[in-house]
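S.K.: If you want the building blocks of each chain, they are given just below.
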Amino acid sequence: MAKPPAPVETLIEQYGPHLKYTPEGGWQEESRHPADRLVKTHCCFCGQQCGIQLKVRGQKVIGFEPWEEFPFNRGMLCPKGVKRYMQNSHPDRLLGPLLRTSQGFSRAGWEEALDFTVRRVKEIQERYGKDAVAVYGGASLTTEKSYLLGKFARVALGTRHIDYNGRLCMVSAGHAYKAAFGVDRSLMPWSDIPKARVLLVAGANIGECAPITTDYIWRCRDNGGKLIVIDPRFTPVVRNADLYLPVRPGTDLALLMGMLHVVLRDGLEDREFIAQHTVGFEAVAESVKPYNPRMVAEKTGVPPEAIERAARWFAEADRAIAMHARGIEHHSKGVENCQALINLCLATGNIGREGAGCTMITGQGNGQGGREHGQKCDQLPGQRSLQDPEARRHVAQVWGIHPDEIPQPGYTAVEIMEAIHRGEIKGLLSICFNPLVSLPDAHFTREALEKIEFLGVIDFFLSETARYADVVLAGSLHEEDEGVGCTAEGRIVHINKAVDPPGHARTDCAIICDLARRLGKGRYFPYSKPREIFEELREASRGGIADYYGVTYEKIDRQMGVFWPCPSLDHPGTPRLIEGGKSFHPDGKCRFIVTEWRESGDPVDEQYPVYLTTGRVVSQYLSGTQTRRIGGLVDIYPEPRVEIHPRLAEANGIVDGDWVTVTTRRSEITLQAAVVKTIRPDTVFIPYHWPEDRSANRLTHRTLDPHSKIPEFKVSACRLRKAQEGA
Amino acid sequence: MFGLEFYVDPSRCIGCQACLKACEECETHRGYSMINFDFIDRRETTATAAYVCWHCDDPTCAEVCPADAIKKGEDGVVHSSLKPRCIACSNCVMACPFGIPKMMIPEQQMMKCDMCYDRTSAGKRPMCATVCPSQALAYVMPEEIARRREKPANTFYFGKQQVTTKVYLMMPAGQESLSIDVLDYIWEG
Numbered sequence: 000m001a002k003p004p005a006p007v008e009t010l011i012e013q014y015g016p017h018l019k020y021t022p023e024g025g026w027q028e029e030s031r032h033p034a035d036r037l038v039k040t041h042c043c044f045c046g047q048q049c050g051i052q053l054k055v056r057g058q059k060v061i062g063f064e065p066w067e068e069f070p071f072n073r074g075m076l077c078p079k080g081v082k083r084y085m086q087n088s089h090p091d092r093l094l095g096p097l098l099r100t101s102q103g104f105s106r107a108g109w110e111e112a113l114d115f116t117v118r119r120v121k122e123i124q125e126r127y128g129k130d131a132v133a134v135y136g137g138a139s140l141t142t143e144k145s146y147l148l149g150k151f152a153r154v155a156l157g158t159r160h161i162d163y164n165g166r167l168c169m170v171s172a173g174h175a176y177k178a179a180f181g182v183d184r185s186l187m188p189w190s191d192i193p194k195a196r197v198l199l200v201a202g203a204n205i206g207e208c209a210p211i212t213t214d215y216i217w218r219c220r221d222n223g224g225k226l227i228v229i230d231p232r233f234t235p236v237v238r239n240a241d242l243y244l245p246v247r248p249g250t251d252l253a254l255l256m257g258m259l260h261v262v263l264r265d266g267l268e269d270r271e272f273i274a275q276h277t278v279g280f281e282a283v284a285e286s287v288k289p290y291n292p293r294m295v296a297e298k299t300g301v302p303p304e305a306i307e308r309a310a311r312w313f314a315e316a317d318r319a320i321a322m323h324a325r326g327i328e329h330h331s332k333g334v335e336n337c338q339a340l341i342n343l344c345l346a347t348g349n350i351g352r353e354g355a356g357c358t359m360i361t362g363q364g365n366g367q368g369g370r371e372h373g374q375k376c377d378q379l380p381g382q383r384s385l386q387d388p389e390a391r392r393h394v395a396q397v398w399g400i401h402p403d404e405i406p407q408p409g410y411t412a413v414e415i416m417e418a419i420h421r422g423e424i425k426g427l428l429s430i431c432f433n434p435l436v437s438l439p440d441a442h443f444t445r446e447a448l449e450k451i452e453f454l455g456v457i458d459f460f461l462s463e464t465a466r467y468a469d470v471v472l473a474g475s476l477h478e479e480d481e482g483v484g485c486t487a488e489g490r491i492v493h494i495n496k497a498v499d500p501p502g503h504a505r506t507d508c509a510i511i512c513d514l515a516r517r518l519g520k521g522r523y524f525p526y527s528k529p530r531e532i533f534e535e536l537r538e539a540s541r542g543g544i545a546d547y548y549g550v551t552y553e554k555i556d557r558q559m560g561v562f563w564p565c566p567s568l569d570h571p572g573t574p575r576l577i578e579g580g581k582s583f584h585p586d587g588k589c590r591f592i593v594t595e596w597r598e599s600g601d602p603v604d605e606q607y608p609v610y611l612t613t614g615r616v617v618s619q620y621l622s623g624t625q626t627r628r629i630g631g632l633v634d635i636y637p638e639p640r641v642e643i644h645p646r647l648a649e650a651n652g653i654v655d656g657d658w659v660t661v662t663t664r665r666s667e668i669t670l671q672a673a674v675v676k677t678i679r680p681d682t683v684f685i686p687y688h689w690p691e692d693r694s695a696n697r698l699t700h701r702t703l704d705p706h707s708k709i710p711e712f713k714v715s716a717c718r719l720r721k722a723q724e725g726a
Numbered sequence: 000m001f002g003l004e005f006y007v008d009p010s011r012c013i014g015c016q017a018c019l020k021a022c023e024e025c026e027t028h029r030g031y032s033m034i035n036f037d038f039i040d041r042r043e044t045t046a047t048a049a050y051v052c053w054h055c056d057d058p059t060c061a062e063v064c065p066a067d068a069i070k071k072g073e074d075g076v077v078h079s080s081l082k083p084r085c086i087a088c089s090n091c092v093m094a095c096p097f098g099i100p101k102m103m104i105p106e107q108q109m110m111k112c113d114m115c116y117d118r119t120s121a122g123k124r125p126m127c128a129t130v131c132p133s134q135a136l137a138y139v140m141p142e143e144i145a146r147r148r149e150k151p152a153n154t155f156y157f158g159k160q161q162v163t164t165k166v167y168l169m170m171p172a173g174q175e176s177l178s179i180d181v182l183d184y185i186w187e188g
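For the protein sequence lines, the chains are E and Y, in the order given. Numbering follows numbering that gives the first Met the number 0, in which position 276 of the first sequence is assigned residue number 275; successive positions increment by one, without gaps. Numbering follows numbering that gives the first Met the number 0, in which position 139 of the second sequence is assigned residue number 138; successive positions increment by one, without gaps.
Same shape as in the complex, but just chain Y:
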C-alpha cells in the first residue's frame, strides 16, 4: 500500500504481546518472533516497549557484515541475512545500535524483522501493526499519524553516529530527534 509508514510509540504500549505472537505467523520466519519487547522495569512501572527493526537508511548491520549477506531493498526494508552467504558470525548482532538482529542458532543464520515482507510487498499491513490493540505499533498514512498528540521522528544519535531510519518513533511534540548518549550533548570544541 503506497504511502503507509511504520510508527512505534512505546507510550501507548500496554504490554499485551499480541505483536510477538502474531509475528510468528509471518511467512518469512514462521514460528519465530522478530519483535523486540521489554518490560522497562516492572518493579517501578507497568511501562513496556515493543518495537520492530528501524530499517536504517544506512544499516550498520549491513556495513559490518563480512559476508555481504545483509541487503536493503529499494523500498528501504532491511532483510534477514541471505542464508547461503551468512556465516553466523554475529557481527551484525553486536554492531546494531538498536539491538535488533537475532542470531538463530538452529538456522545458523541472522534473522530480523523484514517488516513482514511477504505481506507489505503484497499490499498488506505487517502482522504486528495490524493486530496491535493500542496501536503502539502502527502502519498508517502520515496524515493519520499527524492527528496524534505525539509526533514522529526518525533521526537518532548514538554518540556522534547519526542514524536515520525508515521506521518512525513517536516523540513528545516539538522533539525532532532522539539522543541518549551524553556525548551528544557535550561540547568538545
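Excised from the complex, chain E in its bound form:
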C-alpha cells in the first residue's frame, strides 16, 4: 500500500542488503570447530541443482563440503554455491513477522500478523470478489511448497490468479515442448551431452548461467565433438567454440529458419524419421523456403557461410544436440524461436537417442519442479491442464472438493501486475518473488505496488518489493525445510533440512497452512511436515504427464535422483524422453510447427538506434535478494556495467569506465561503461540483478510472447549518452 513506510536508506540500514563475508563465529574461531554433521542437499540457486554437503554445528550452517558422489556435478560448484551458506546467520535475516507502521516496520507476533493478513484478504475478497486477491509464487520453492501454494490459491483463497516467477524463465520453452512433444521437460539427461558429435548452443551463456554444464561441453569436445554457439556476446564458452554465430538481438528465428532452409535445400533431412515420427513437415518446409542464407545474413548479421556451415555440421552429424536458454526464449517470439530449433532437430532426426536431441537449460533452482505441480496459472499437479475436465476431476478428488470449485485459469505474472496497476486486482500474497527488480518496466511495477490495497509477503530477507508490504511473514531458507526439487535434467532431487528457521521465523509450509486454517479451510491443509504434502502430490500427479507416483524420498536418496515420469514404485524413472521418436501426444508423433517472422515489440529506430539486451553474471542470482547480501559474491562483480563494443563507444565518445546514460522509451539509467570487443557493435548488455537507479528492468518493456506470456527481456531499443561523473 502506497510508498515504502520509511526512506529507502532507513530500510536499508535496518534490513540490508548488508554484506556478509565471514561464516558464523569467524574464520579463525567458532567455524573452525568440526561440524556435528554433514547434510547432503542441493544448492539453493540455479537449475543445475548441484549436490552439496552443508557443515552444520548445532543450529548453524558453518560451511560446506563438496559432495563428490553426486553424479551430476561430482563436487563441482560455482561461486554462488560455494558462498550460499553465508545466508545462514545473516544480519539481514528476518527473525519474525513485521507489520507496516507509519514510520517503518515493527516486529509483531505470529497471531497478530496472520490474523491481520487473513482479515485484509477477507475484506478485499468480500468487497471485490475472490479474484481480487492474487498469489505470486516462485521457482526457488521446493516442489512441495509449489504444490501447496497452488492448492492454497485455488482451495483456500478460491482465486483464479496464481502465477510464479518462472513466467520470466521457462514458459517459452515449456510451451514449445508441449506443442511439439506433449511434454515440458528436457528430453535428455546431461550425460548425453559428451556423446554428441555436434553441440548447438543457442542463446545460453553457459559459463556464467549454468556453470557446471561447461565441463559436459568440454568433455564433448574432448571426444571430438564440435561446438557451435549462437549469441550476440562472445561469452566465456565461445572461446572454445568451433563456430560462433554472433546473432543480432531479436533475429534468432530467422537464423534458425535459415539453418533449416539449408538442410532442406541440400537434402540433408532425415526422411525416415520425418515420415515415421512426425506430422506437419511439409508446411514447415514451405515456410523456410524464403530464408536463404543471404537473406538471413541481412537480418541477423551472421555471415552466409557461417549459416551454411552450422546447418551442414548439425545435419551431417550422426548425433547432434541443440541446447537453448533464455537468449532465444526471452522474446515476444520466444515460443517460435524454440519451435524453430525443435523443427531443426526433428528434420535432422536428432531426437530421443543417446547423444542426440534438444534440451532447454532450466534457469531457476526448481524451475522444472516448480512449474509441474500447480503454481502456474493454467496448470494442475502432474503438468495437467487446468481446463481438462478429467484432470480437474482427478485433482478435485485428491483434494476432496468438487471439480467446479477449482477456479479456471487466471492471469500470468506480468498480467497480474498489470491488473494491479489498473485496479482490478487489489491484494497480493507473494512468496519467493521480487517483481520490483525482476519484472520488465520497473517504474510501472513500482506504480502498481503503490496502488495495491494489500500486499503480504513471505520471505527470509526484506526484498525491494517487500518494502511495499503491509505485512511480512518471516519464512524459511532452502536449508531450513525438507522437500524435493527437479533439476534442469528432469531429475527429482531431495532437499534435506539442515537447521531450523532462526528466531521466530517459520517454515513456509507452516505459514501457508496456518493462513489456510484461518481462512476456514484447515481441513484441506492438515500437513505437519513436507513428507505428507509429497505423499498427496504423488497421488495428485498420478497418471499425469509429470507422474511422480513412483517417487519416494528414499528412492531419490538410493538412486541419487529420479527422472520423471515415474509411474510406479518399481519404476526406475525416465532419464531420456521421446525414445524411439515416440512423443507424449495421443498419436505418439512429434509436431513440426510453422513459425512466422515478426519484429520485436520495441524496435530500434533513429531515436533509439542501439539494441539493449539483459542477462546475468556468474556471481549474482536473479533479483539479487540473496546474492547481493554475500560479500564474497558482490566483490566479484560489485555494480552493473554496460558492455559496449569499442566501435560503438568511440562513436559516442565513451571510454572504458565512463558513466553512460542508457535511455529507452520507458526510462533511463546511468552506469559505468565496460568497453569490450566481446559484444556486437550494435548492441549493449546490462545485467539485471540490481534495483532502483541501477535496475536494467527500468529500461525493458512489457511486450509479451502471445503464447507463453514471457517478457521480451532480450531485446529493447536504446540510445547512449556520455554522462557526468558519478551519476
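Where hints are given, some of them may not hold.
[Said to hold, decoys possible] The following label-pair restraints were derived from C-beta to C-beta distances:
#1 R530/E / G122/Y: 29 to 37 Å
#2 S10/Y / E8/E: 42 to 50 Å
#3 E67/E / S10/Y: 18 to 26 Å
#4 A172/Y / G57/E: 40 to 48 Å
#5 I11/E / P105/Y: 28 to 36 Å
#6 P105/Y / R118/E: 52 to 60 Å
#7 M294/E / G2/Y: 28 to 36 Å
#8 G25/E / A94/Y: 29 to 37 Å
Hints are computed from structural coordinates only; laboratory data are not their basis. In this text, all values refer to a predicted model and were calculated from it rather than measured experimentally. For every residue, glycine included, the Cβ atom is placed at its ideal position computed from N, Cα and C.
Based on these hints, arrange chain Y on the given structure of chain E.
M.R.: This is chain Y only, laid out in the frame that chain E set:
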C-alpha cells in the same frame, strides 16, 4: 589419494572464480584465498586464468629465503613460510618466476597455495579443483587427463632458468614445455 595429479588449463577457465571463493575454506589459511586469478585483457577477450602454486621441484622461493622458512615436503608440496622463522622480507614474493607467494601483512608471513594440505594429506582433493565447474583446475588421475585434447607439460623456461614442477599446465598437443622469454629462443653460441 595415490596417483592423482594437479592440472591447470586456462583455455577451459570461464572466469567464475569459484576456486578463489572455495580456497578461503581451506583449514591451513581460512579466510584467505591463495588462488592467482587474472582477466587476461577484458577489453579484448573473455579469457581468464586461474592457477595455483606450481610446486617446483627446486622451489626458487625456498632457495632465496634468508630465514630458511620455506619447506618442500617429501610429497613435493611447497608450503607457506614457517611462521616462527619467516621475517616477512618478501624475497620469495619477488623471486618466484610464477608470481605465486603472497605477503600477508596482517599475519607478517608469506602464505601460498599448499595444495590444500589439510585435504590432500587426508586423501581428499584440493578445494579449488574439486569445485571448478569447467575443470580448468583438475586433480585427477593421469589416465583421465590423457583423454583431453590438450596435453600436460611441467617444464618451463624463464630465460635459461629451467623449472620443473609438480603441477602440470595443459598445452596444445605436441608442445612439451613452455617458454615465454625470447632469450630461450635466440642463439648465443
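S.K.: None of the hints should be skipped; say for each whether it holds.
M.R.: Going down the list of hints, with the structure as the test:
{"no.": "1", "hint": "R530/E / G122/Y: 29 to 37 Å", "result": "holds, 36 Å"}
{"no.": "2", "hint": "S10/Y / E8/E: 42 to 50 Å", "result": "holds, 46 Å"}
{"no.": "3", "hint": "E67/E / S10/Y: 18 to 26 Å", "result": "holds, 24 Å"}
{"no.": "4", "hint": "A172/Y / G57/E: 40 to 48 Å", "result": "violated, 52 Å"}
{"no.": "5", "hint": "I11/E / P105/Y: 28 to 36 Å", "result": "holds, 30 Å"}
{"no.": "6", "hint": "P105/Y / R118/E: 52 to 60 Å", "result": "holds, 55 Å"}
{"no.": "7", "hint": "M294/E / G2/Y: 28 to 36 Å", "result": "violated, 57 Å"}
{"no.": "8", "hint": "G25/E / A94/Y: 29 to 37 Å", "result": "holds, 34 Å"}
Figure legend: structure checked against the earlier numbered hints; hints not met, in rising order: 4, 7.
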